[in-house]
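Protein sequence lines, in the order shown, are assigned to chains P and Z.
Be aware that the first sequence starts at 22, since it is given in our numbering, and climbs by one per residue.
Be aware that the second sequence starts at 32, since it is given in our numbering, and climbs by one per residue.
Hints listed in this document are in silico derivations from the structure and should not be mistaken for laboratory results.
It is possible that part of the hints are untrue.
Said to hold, decoys possible - Facing chain Z, a subset of chain P residues (Cβ under 10 Å, in silico):
id, residue
1, 71
2, 280
3, 295
4, 335
5, 427
As the list claims (entries may be wrong) - A few chain Z residues that face chain P, going by a derived Cβ cut-off under 7 Å, partial list only:
id, residue
6, 129
7, 175
8, 346
All values reported here derive from a predicted model rather than from experimental measurement.
Just so you know, even glycine gets a beta-carbon here, dropped at the ideal spot from N, CA and C.
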Amino acid sequence: MQKYDEMYTMLPFDGSDVRDHYKAYAQWLAQQPAQTMAARAAEAEMIFRRVGITFAVYGEKDASGAGTERLIPFDLIPRIIPGAEWTRMQAGLVQRVTALNRFIADIYHDQDILRAGIVPRDLIANNAQYRPEMVGVDVPRDIYAHIAGIDIVRARNARGEGEYFVLEDNLRVPSGVSYMLENRKMMMRLFPDLFTRHAVQPVAHYPDMLLDTLRASAPARAASDSATVVVLTPGMYNSAYFEHAFLAQQMGVELVEGPDLVVKDKVVYMRTTRGLQRVDVIYRRVDDDFLDPLVFRPNSTLGCAGLMDAYRAGNVTICNAVGTGVADDKSVYPYVPEMIRFYLGEEPILSNVPTWLCRKQDDLKYVLAHLHELVVKEVHGAGGYGMLIGPAATRTEIEDFRRALLANPAGYIAQPTLSLSSCPTMVDAGIAPRHIDLRPFVLSGETVRMAAGGLTRVALKDGSLVVNSSQGGGTKDTWVLNEQAQGQPSPELVQELGGMVQSMGGGW
Amino acid sequence: MLSRTADHLFWMSRYTERAENTARMLNVSYDTSMLPQPAEMARKDWMGVLSISELIPAYDRRHTQVTREGVLHFMVRDENNPSSIYSCLRAARENARAVRGALTSEVWETQNQTWLELNRQLQDGWFERDPMQFFEWVKYRSHLSRGVSLGTMLQDESFHFVRLGTFLERADNTARLLDVKFHAIENDYHGTDLRQVGQQQFDFYHWSAVLRSVSAFEVYRKVYRDVITPERVAELLILRRDMPRSLHASMHELMDNLRQVGHQEMSESLRSAGLLLAQLQYGRITEILDTGLHAYLTQFLDRVNLLGGQISRDFLAPELV
Chain P
22 MQKYDEMYTM LPFDGSDVRD HYKAYAQWLA QQPAQTMAAR AAEAEMIFRR VGITFAVYGE
82 KDASGAGTER LIPFDLIPRI IPGAEWTRMQ AGLVQRVTAL NRFIADIYHD QDILRAGIVP
142 RDLIANNAQY RPEMVGVDVP RDIYAHIAGI DIVRARNARG EGEYFVLEDN LRVPSGVSYM
202 LENRKMMMRL FPDLFTRHAV QPVAHYPDML LDTLRASAPA RAASDSATVV VLTPGMYNSA
262 YFEHAFLAQQ MGVELVEGPD LVVKDKVVYM RTTRGLQRVD VIYRRVDDDF LDPLVFRPNS
322 TLGCAGLMDA YRAGNVTICN AVGTGVADDK SVYPYVPEMI RFYLGEEPIL SNVPTWLCRK
382 QDDLKYVLAH LHELVVKEVH GAGGYGMLIG PAATRTEIED FRRALLANPA GYIAQPTLSL
442 SSCPTMVDAG IAPRHIDLRP FVLSGETVRM AAGGLTRVAL KDGSLVVNSS QGGGTKDTWV
502 LNEQAQGQPS PELVQELGGM VQSMGGGW
Chain Z
32 MLSRTADHLF WMSRYTERAE NTARMLNVSY DTSMLPQPAE MARKDWMGVL SISELIPAYD
92 RRHTQVTREG VLHFMVRDEN NPSSIYSCLR AARENARAVR GALTSEVWET QNQTWLELNR
152 QLQDGWFERD PMQFFEWVKY RSHLSRGVSL GTMLQDESFH FVRLGTFLER ADNTARLLDV
212 KFHAIENDYH GTDLRQVGQQ QFDFYHWSAV LRSVSAFEVY RKVYRDVITP ERVAELLILR
272 RDMPRSLHAS MHELMDNLRQ VGHQEMSESL RSAGLLLAQL QYGRITEILD TGLHAYLTQF
332 LDRVNLLGGQ ISRDFLAPEL V
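Work out the full structure, taking the sequences as your base and the hints as a guide.
Put into structure tokens, the structure is as follows:
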């Protein structure tokens, strides 16, 4: 089946029709000289570097032995989503995250879904992310995944239409929202007139929503509008450090590291120049394993001794909750549609990608027979590592994976090689289609909400399906159009221009 | 604010100031080295540069001889020398990065840009081609850092710790520079009581170099309207409150900022700083010279060092109660 492209109705796109929601952009792009776009790309890179929006790559060192800092490549061509499509996706995301939170709460309390036989018990018992320390612990509003990064892809369904599928749920420490925000800022800076021609739904208010969400999760004793929130970071050598610092600053809260915190009498404090100050909510960007040396890894310096005590006593809220990873495991993923039915009594709005669970005999047989066609993933892998992409793999790679599968079938799942949708992207040879995905960031506090769009990641290598930044992927700005407001400038642009509305006609 | 944040801010500005003062000192030494002088005197000059930062042993480990090229390389771009300009600007930037959330974007970007340009310059061989221009660049990036801090930062505790770092380092670096330059005079040029110097031939170039290193050459003329004498140079750079790089001015600013941080009525830091300041406020150059300049400056340096430790204990890395 032919690849689905976001902008063009058919590929290759020379001479092909432009989809309605991209028509205005296509017109504008056609008027831009090639040098302009290249110059803007260079400008963007210089600004990103100066502002220090870089990430450290694990294991890479420059000549002097210092770790290297890399820019995540940013592509100037936006990924545009019609408003109506987003509305439906948003409803599906709210539904899915709500069900996931219900699931996690259930797992750590009555385990109704296990008793009903819908999810196999051993999936939980053998799940490394299941934390017995959380059994019976009540958390504010029963919310565990306060911030969820749901990876969405578009592919042609059985009827040949481009449909959205959920590829993966990231419920532990999902990252990338800072790039969503910085990409939008950059686009508005480089192409202000594009924002007068398109009514793009704003995203800049995300940090406000995030702070609201975190505050809403504060323990009962802390008045939610004045609860002390902190962002816990592993420190500046962590690859996502820029995002930790960025979000803390945008929300106006302290960025802390493990040694800044101390627990006394089951209450968490941070060390300030004026003595100890109580902490109510910790937005932690540190994995469970490193949070408390008294409970988890004993040699961790990234967390704080006694944190779990304070947490279980209800004196501090940790976002996302400890043990949330039990639900974003690849072995649990296939059961999410059932969770939606079980907890909400609804049919899922967003579909899963068809998935074979190698722990099941029949599924394993099928997978072994079709390795060259499938994408096989380690249940506990992350970041695009530990994956076999059948059609792109060598004989040896396939045989190695066969051996691994037979040795530990329950450790793998398989999915068809989805032909992910593509989007025009600036490459050396000009503009060419490249595969993309989407990660919206769903916030669960008083309500479940999100900024329109999310982070679009793009695989920069021709034909590659790997979009992760740590493996050479890039990002794009994501535009969700507000069709009703077409003709009016985007609210973000109005803000940027200090309230003065620009009414520019033609091109540059 | 977090004690650790205060620590990073404090050291960010200390390292920036250190880089600036190193550049100033090297600039002057480079300038002087171009005058006709016996090789031995030139060598002693460069040894003086190393001894200001107590780096002779470290230098000896990596070089066999004290030469202009060797010292310049060591003090400008040697990554294994923690006091080289390269190391100082790297440390300044890393400290800034650790607390970028506590800085305005202008302050952070200025620090980051300095680092990016430094690497470009060193890679492209700018320093070797035109050392004087390089030193000027370092100085002006430091001026810029201070300017954006003053111009954009909310004047809360973060701001005061940034300023504290600048002035503590300035007091330390200036005292060191004076000590070495005056020590050199005593030992090599005249070897006797400093007050006799005015009556003997003195090295105009030596003293004007000292003044220029702290941007005080024109200032001296304005204040004293007379020939350059070592006694007056000492007075200007130690006791004059209106001379911005003097020990007195540095301690005055330090006290100002120290009073604005923390919560105790009278912390140990405040007490120590107050005593140091009072000495400078009420001191007389004749009394200082009676004590012996070297003895005076050595004691001052010790006290400034102790003060640094005190500030650390009081605010930056406090013991848990």
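Hey, does the residue 346 of chain Z contact hint survive, CB to chain P under 7 Å?
At 5 Å from the nearest chain P Cβ, residue 346 of chain Z passes the 7 Å test, so the hint holds.
Taking the closest Cβ pair, is residue 129 of chain Z under 7 Å from chain P?
holds (5 Å)
A closest beta-carbon separation below 10 Å is what the hint needs, so does residue 335 of chain P meet it against chain Z?
violated (24 Å)
Does residue 427 of chain P hold up as a contact with chain Z if the rule is Cβ-Cβ below 10 Å?
violated (47 Å)
Against chain Z, is residue 295 of chain P within 10 Å by beta-carbon distance?
holds (5 Å)
Holds or violated: the hint that residue 280 of chain P contacts chain Z, with Cβ atoms closer than 10 Å.
Where the cut-off is 10 Å and the nearest Cβ of chain Z is about 7 Å from residue 280 of chain P, the hint holds.
Minimum beta-carbon distance criterion (7 Å), residue 175 of chain Z to chain P:
violated (14 Å)
Given a cut of 10 Å on the nearest C-beta pair, is the interface hint for residue 71 of chain P held or broken against chain Z?
holds (5 Å)
Checked against the numbered hints given earlier, the structure breaks hints 4, 5, 7 and satisfies all the rest.
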